[in-house]
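Chain B: place on chain A using the hints.
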Amino acid sequence: MSRKIVKAASIILSSAMLAGLLAACSKNEEASLTTAPATPAGSTTPQGPVQLDWLAYNSFGQMDPDTKIEKYVSEKFNAKFNVWFIDTNKWVDTMNVKLAAGEMPDVMLIKPDFNTVSKYVANGVLAPISEDTIRKNAPNYAKLIDKYNLWNTVKVDGKIYGLPSVNINGDYPTVLIWRQDWLKNVGITKTPETLQEFEDALTKIRNNDPDKNGKKDTYGLSDYALPAILGAFGYPGISDFKNAGKGIVNLDYIQKEGKITFAAIQPEMKEALKLLNKWYKAELIDPEFITSENTGGYWADSNALLNNRIALTGKGMFYHWRDKLNPDVPTDKGGGQFQNFQKSQPNGEIAFGKPPVGPNGKSGTIQWGVNSTPIGITTKAAKDPRKVETILKMAEASITDYSYFKNTFRGVEGEEWKEEGGKFVNLNNKTAAENAKKGIAVFHMIESPDWNKKIDAYNYQFGDSVKTTGYVPFLAPTVDSFTKYAVNLTKLTDEVYLKIILGEASPDSFDDFVKKFKANGGDEIEKDVNAAYNKNIGK
Amino acid sequence: MYAHKKSKSDILFLSVVYSVLTVLSIGTLLPFFQILTLSMSPIDVVNSYGFHFIPTSFDFAGYRQVFHNQLIWISYGNTIMRTGLAILLTVTLTFLGAYPLSKKTLPHRTFWTGFIVLTMFFSGGLIPLYMLVKGLGLMNSMWSLILPGAVSTFLLLIVRNFVHEIPVALEESAKMDGANDIYILRKIILPLSMPVLATVALYTGVHHWNAWFDSMLYIQSEKKQVLQMILRKIVLDGDIAAAGTEMAQSAVNTQSMKLATLVVSIIPIICVYPFLQKYFVKGTLIGSIKG
Chain A
0 MSRKIVKAAS IILSSAMLAG LLAACSKNEE ASLTTAPATP AGSTTPQGPV QLDWLAYNSF
60 GQMDPDTKIE KYVSEKFNAK FNVWFIDTNK WVDTMNVKLA AGEMPDVMLI KPDFNTVSKY
120 VANGVLAPIS EDTIRKNAPN YAKLIDKYNL WNTVKVDGKI YGLPSVNING DYPTVLIWRQ
180 DWLKNVGITK TPETLQEFED ALTKIRNNDP DKNGKKDTYG LSDYALPAIL GAFGYPGISD
240 FKNAGKGIVN LDYIQKEGKI TFAAIQPEMK EALKLLNKWY KAELIDPEFI TSENTGGYWA
300 DSNALLNNRI ALTGKGMFYH WRDKLNPDVP TDKGGGQFQN FQKSQPNGEI AFGKPPVGPN
360 GKSGTIQWGV NSTPIGITTK AAKDPRKVET ILKMAEASIT DYSYFKNTFR GVEGEEWKEE
420 GGKFVNLNNK TAAENAKKGI AVFHMIESPD WNKKIDAYNY QFGDSVKTTG YVPFLAPTVD
480 SFTKYAVNLT KLTDEVYLKI ILGEASPDSF DDFVKKFKAN GGDEIEKDVN AAYNKNIGK
Chain B
0 MYAHKKSKSD ILFLSVVYSV LTVLSIGTLL PFFQILTLSM SPIDVVNSYG FHFIPTSFDF
60 AGYRQVFHNQ LIWISYGNTI MRTGLAILLT VTLTFLGAYP LSKKTLPHRT FWTGFIVLTM
120 FFSGGLIPLY MLVKGLGLMN SMWSLILPGA VSTFLLLIVR NFVHEIPVAL EESAKMDGAN
180 DIYILRKIIL PLSMPVLATV ALYTGVHHWN AWFDSMLYIQ SEKKQVLQMI LRKIVLDGDI
240 AAAGTEMAQS AVNTQSMKLA TLVVSIIPII CVYPFLQKYF VKGTLIGSIK G
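Chains as they are written, first to last, in numbering that gives the first Met the number 0: chain A, 0 to 538; chain B, 0 to 290.
Heads up, incomplete: computed chain B residues facing chain A, CB under 10 Å, no partners named: (1) Gly-49; (2) Ile-126; (3) Tyr-129; (4) Met-130; (5) Glu-221; (6) Ile-233.
Honestly, the hints are just simulated from the structure, not real lab data. Keep in mind that this is a model prediction, so the values were computed, not measured. Each residue gets a CB set at the ideal place from its N, CA and C atoms; glycine is no exception.
This is chain B alone, in the form it adopts within the complex:
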């Protein structure tokens, strides 16, 4: 981009940066290739020592088992649904909660902020939470996964501070032009808050995609479980000893099935990341207005 010649120290710096990044990305990619290869290899290759970056012989038994497993597809749908709903709900609630808190004109503003901050330090603990969810009748429904964490105090405060930084002058000038509060929120504050809302969306999305513990506690029906829970089950079931009769002796190649499951569940996320990346590079940190 820059027309001027790079100085020697620049070149040195950049070469260090690039080599570190290269090593890091190789370090990230190689294990993935290992999994990819092993997932499509026969058992003797899986059991052998050494690195397996390029497949030499193929056996897709693991994938056949995975694609046969109805639960994986059902839980896939559940996770996508859960993540989508949660992002929508969390972003909306967080934004609507943060905006008033950022206004100096809100009556008892310090009290409400203090009250919200308080929840960050004191929590009821696991069992009261469980009883609350049960008492509200949310058990065994997707709402038990979404509602308890619908508003994250931490994210709410971040958004509040972000919105707080938007100059009041902008609103005042809009008011002079005849805009009401709702209009200002929608046409001025919301577009300017996009970077921070993208952050909230990503945080929420990643959290909900990876979460499994709440699903284990609140969801009794296997068909309503999320993907991570089913994954855990497949990965761990290979390790526990079932009853030691010939019934349990059906030669299930659990290792390659485990790895195939991993691949099947990782691929979609890998596909989604480049699209999410865009919002991040453009800047959650770079504000939309200056001075």
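In isolation and in its complexed conformation, chain A is listed as follows:
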């Protein structure tokens, strides 16, 4: 018996040693492999093209080698690109493995959101960029970020760790879409504007058979319009019910009396939830709202609206629901979701609504905010000042050089687009993956709001004509504690909000929720984020 044990022990010991030996071998080999190519790259003659490992784009598809756009950009900046391809859908997982294994691009998007900045800084992925360097090499870009006040989003301990980018669509609030024909059918001529008017309209839609099929099978609204109703009381505590249900972090900061705090725990949300509970009991809210009105297809589609179930939807943008056709483009059929609606309900009509105004005069739908995915310069690139300089010059060019913007963002003139009578005409009707193949939207670094508006002039004019009020997320600096607690706090918030709406918990349980929220990390995040914010603004 004891001999057996000795034997077993010796097997385990010797094999463990063997395994350790093997691991050590492979580690040494690995080290030599990674250090070897680094030396020649660092000591190339300074006048040769600078070599960039490029991941500063949304990789919907892999770029073909030597596209016209790549050649154009390479010549312009005297750079050679090694364009990485990381599947957009599994970006975070793939990057984590690569970064952990010591593989780094020179420049990369920081996904999934700007809160990742602090994580990457802690792990030594991102290098600080001095403000002087940015202002020297990309003055106009820096002015743009000044204008939208986005530096906070990439600062950790007061230092800049990335280049913020701007998405002008975030300047437009998400829209509220009514079934105009239904409103007419129940005798309402003006799209509702106050909470009381909303309640009247939705009640009539529930009870007065707006689709005239003789059955009481219509509801007022489902999950997409809920944030707009919460918004009548103050900044909505949950900005996206569908994603909150999936456990996707969904906590917006607000600034109240000079202090950063969470929208979800504000006392006005208790009043808002009371109202939603009342509406749920009165069957104005579709009982299936928990599983969302979008049961498939593009995220902005509302299957419930398309199938005559509800009368009010939200979440989409003006360009999704554009129901006015561009007279300059004979083939124009309007926004994608408007087209789908027309196919499903050929006789239906929609109207762009306004967010309801609540008891204290507040109102607004969710607005994304212009802050878009920041771009990070890695510690690998920071070793070579030429790389940093080139990257910054590219950022500057995408703001100052209109033809550079058109060529990198929209493709080669004559192939993808032409200019007719001063108007930009798109010749391209391809998917994002097909565009990426040709290098379109691979090398533009920062989108210029002015040029986006110039290129899509009709679209944005329409956007301006239906623009309402919106709630913009407060861009607090990133802190570690947020990354640590945000998932659990989102789950907690989602659960309590849903329970109160469904009547499973009394509205008074909101107070317990606030206590729990604060105790389980809420207070810690608030403390950290306020400290970081004050440091950044130099207080």
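The following block gives chain B in isolation, referenced to the frame of chain A:
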């Protein structure tokens, strides 16, 4: 088959079995019909509520998009190649590894078995594996998908135990007739091990047909990706918001394209299964020899 009359309890039992099986197969087939129908339907049908088992109107835009997508066909080839190669390699290596381990005459047999079992409990984890594959220079090649899992410890042990059960007497009698070890392996052990090797082949085949995670990690070139990876991409790309300009507004009927992709990739497997089924029914469990 049996001549005698079935008893009442037999009939009851069989009717329960058959009705359960019928319900199960309907439950499996209906969703498939739903996908099949929706894949060839226009967008208003796709977006409407309710069941769609029989197509009422047709729109093959989804299929046109799929057949246009070069990547699907390339990745199809990659997956078939990968699965074929992996089955060949895994079955060979597993068999050649299991046979000696099953022999009592192998020196230090317990040590080697113990060493192999050990790998089942301790693994380096994802990142060391990634670094190893990279260090070996396998990145961006099909070998990075096949070699790391070429021998599955679990399957190796199953084969070892199976071969172990084959009576030594068979080998001894062959030896008396003048056969050498190689000849015995080829002419006696191999044919008798067919059932277990079929199992190994099927396990390996299914695993490699479905795998995508390793392809995502190790393969950088889109043209070398496997089918499941491309499928995932098509299915998920419809959900993410591309830049919200009119460029992204090209009305792509992603839903029916997704479903068409599913159908195109499912059909071949459905065709292969009846042939594989044969080996299974005949018995991976029924041994070739008795007592």
